[in-house]
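Now for the letters of each chain:
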Amino acid sequence: MSKGDRLVDLYQHRLITEGIRIIEKPSPSNNFNADYNHLSFSDALLKRTQLAELRYQVGPVFLHFQYLIKLFCALMCVVFLCVGASSVSHFLVSEKGSQINFFWAIILFIVPNVISLIVWVFLYFKRYAFNFAWLTNLSVSIIGLLDTFHHKVNTKHPYYTALFRYYFEHRFGKYMGKAQLSFISHLWWSSYLLGATLSLLLVLATHQVDFIWQTTILNEGAFLWLTQTLTYLPELLSINVPSPSDVSHASIGIINPLQAAQDIRVSWSNLLIFSLMIYALLPRIILLLTFYQRIKSKKKHFTIDFSLPYYVQLKSLLHPITNAHFIKDADQQKASEEMKVNNAHYNEALVLPEKMYPFAIELDEKCLKQANSHIKAHYEEPLINILDNQSQQAVLSQLSSSKAENIVIYVDVKRLPDRGWLRLVKQCCYESNVTVYLILLGEQSVDVNSSLSVRLQDWIEIAAQARISTENITYLINNNSLSDDIKNEVEIG
Amino acid sequence: MDKQLLSVAVVGHANTGKTSLIRTLLRDASFGEIANKAGTTRHVEGAEIRIDEHQNLVIYDTPGLEDSMHLLNIIDNTPIEDSKFEHKDEIDRLLAFIEREHEFPELNQEIKVLKALLTNDLIFYVIDVREPILGKYRDELKILSYAAKPIIPVLNFIEAGTTNIDNWQAQLARLHLHAFVSFDSVVFRFADEMKIYHKMRTLLAHREEQLEALIQQRQQQWQERESAAQQLIATLLVEAAACRFKADNDEQSISVASEHLQTAIRSLESQTLSQLLALYQFKQQDIDQYDLPIEQGEWELDLFSSDNLQEFGIKVTSNFVKGAGVGVAVDIFAAGMTLGAAAMTGGVMGALWGVKQRYYDEIEASIKGHRYLCADDLTLHVLWARQLSLLSALQQRGHASVNKLSLQHLDSNKDILPKYWSKWLSRARQHPQWVTLNKSDQPKLKEKKVLLIEQITTYLTSLKSN
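In order, the protein sequence lines correspond to chains A and B. In case it helps, the numbering used here puts the first sequence at residues 4 to 496. In case it helps, the numbering used here puts the second sequence at residues 790 to 1255.
The hints are simulated quantities; they were obtained by calculation from the structure and are not laboratory data. There may be inaccurate statements among the hints.
As the list claims (entries may be wrong) - Straight line, CA to CA, 20 Å or less: simulated SDA-like cross-link-like pairs of lysine to any residue:
1) LYS1235(B) - ILE307(A)
2) LYS318(A) - ASP841(B)
3) LYS331(A) - GLU997(B)
4) LYS28(A) - ILE900(B)
5) LYS50(A) - ILE900(B)
6) LYS1235(B) - PHE309(A)
7) LYS331(A) - LYS1235(B)
8) LYS28(A) - THR306(A)
9) LYS28(A) - LYS1235(B)
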């Protein structure tokens, strides 16, 4: 495949991608899954377009539109060719068929062409000069009619109109509309002028005509100036054209009696055909080719606007931030170790045993103070607060040497019970006769704080796993903090 | 071709928000499981973040370190005298311990973490800053240091734990961990996410290119989304302002038209909302929808508004030129017989046709006493403020957030209006054809709509950058 073909192919793909956007908007469909991970976004989009195209069939619809537009343009070319050809016999050659008014010929073919070029230049360089809505509606009607005549079927793609509007907008809209309309305009003008030139050649080849000029309000000087201007180029190219005296003699009613009449006819024919070809047809053909190249270049450089919300969403679909989730090291243990306790019961009137070994786990300063003030009635030594490996080893070592049968553990109800806590408590029960008491410390009643209530439930569940009876669990509310709160409330009040 | 992978293990104590952090980085609320209790994550679960077609970043979520004290005790007492441990260092100690994993079933979860530490390029150590600083965290960090991998402490939930941040920073500094980052997986800030990647780039100098590509990609993605979202909001404003319904001059007709107007604007807002949610990868159930209060205003043609006059001038001129073009074509067909006359007639006809197309409906309505109902300025103002607040809320919402985003409670600041607000609305209101559901036959002037949307989007971009 040549580079040019590839570019055309890429253009078609991009056009189809846009067509799919028209069908899917506002959000892209998630149905066209494939492995896009190893592709760049534009390649992934190309792949998705291929997949989606299998369902949407946008390509054939666009090709059909392209064909219809080409057909319409070609038909109009034929019409203009015929108009150009017939205008010579109808309006140029006199009824007798023996005279051609050169001035009229120039006015008929070159002046409208120049005016049209001026209008074209004005429209080409003016912003918002085109309003395509009526043109789109008109074209939809004409091309729809052409379609019906051509196919004689009424079954259309479900998005026929939407796709046509997009296609029309693409071909004749902001991006390549000016180039496309310019191309068509020059094509039709070229057809018209070509028809006229060919017809003129045919008339001159088959008729002997004399060239004259006629005017009522213009003087001879103006005609002479015009003719001299027109002959400038052919004279440079050594083409036989009428001399100024021939021009003066060509005034109406003056019949050249000289033997050189045939030469003068040929020179006038040369000038007329040359003027038509060089001053009218050639600029149109040059412009036609220029805009043909411009359209090709526009197609080559046609890019999709990826900043549109549709494409940003599509990017997330094709290249999601997360490619895949996977389990690397699966949990093999049964997760059914947890014991569900339906009601968070605890012993509100827990009486601590006289002989015991108390310690705290992960208490902050405030809770530790609360725990110390609670235990001081029963235990003289300050509590050890397990915060790290070192303090944990110290507690385990003291416990093992004390041979205590009752262990009292203080924890903060707000903290999250975990496996570490469970393992430690289980490790503390070094003998079967060891009884563990759990004292939960808090600042609020669980009735007024739902998250605290959930956490209390967690503690009672984990205590059950550590075989601590609910009779040995209590919840202590810090009275100081409560009184502080009340004090604050009073102060605020 | 295999992709180049950069891997990160996210570790930390139980319930510090490891999974939440990953969800937020992945923009994926379906990753892992989150709950307000210990032991929720039990597997080592990975997810790939795509950098480009050749590179991925893999993030591994790990179970919480729930028994670091015991773990440290055992690791420190693990013998490494065996000859197969060449270096006799802490890594060997970890390896020796892992070899004996069957002896410690109670540390099964922690062993998974240790394996993740040894097999990944970088460690995110997630800290819940709301928690008090306890000695066990020092134990955890000590264990992590045995793996000899770069560690980035991530201070999570900074919104709720503001008061504790300084203490944590001081504590981390004592442990020679200065390269920490602050993050909130619920109240998300894109800049914080970028800081994480920048810190990674600093610590993994040999992976600089890969991380630079990641940073670029994430920034581009963020900007693209923001710009697309701004386009959606601008389009909504333009279409909602352009939306109007014709009513006869009686109560029943006005009431029906008013209902149609409300439905149309709510439908436009709902479409935009769905697209915004999709853009930021949230689901419809993440939002608690609340109907926009819509009041209708009345739209009347003001041919003499400066905007209208300008457009009128353009239209008349261009239609005149087009008409004249047609006239010239007629001339050609007539072989110049009527040159000038046809062009002039064509020009006048073209101009009249353009005026008819553009203003016929309004003039007819004015003669027949019909009214056009459209959304009033205040409604559009609320709609605008709501979308801006929604965009801001979506941009700051982490994918770990479990509470619904309520449209009712969005902070819609009604005081700040763009400078060209009235001009935008008036321009949009003159073009009912810009909304498909208006079914207007007026010329589409799509380019003008695109231009107006661009202007509003540019304003939103400048608002954001300020």
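Legend entry - Hint check, failures only: Of the numbered hints given earlier, those the structure breaks are 3, 4, 5, 7, listed in rising order.
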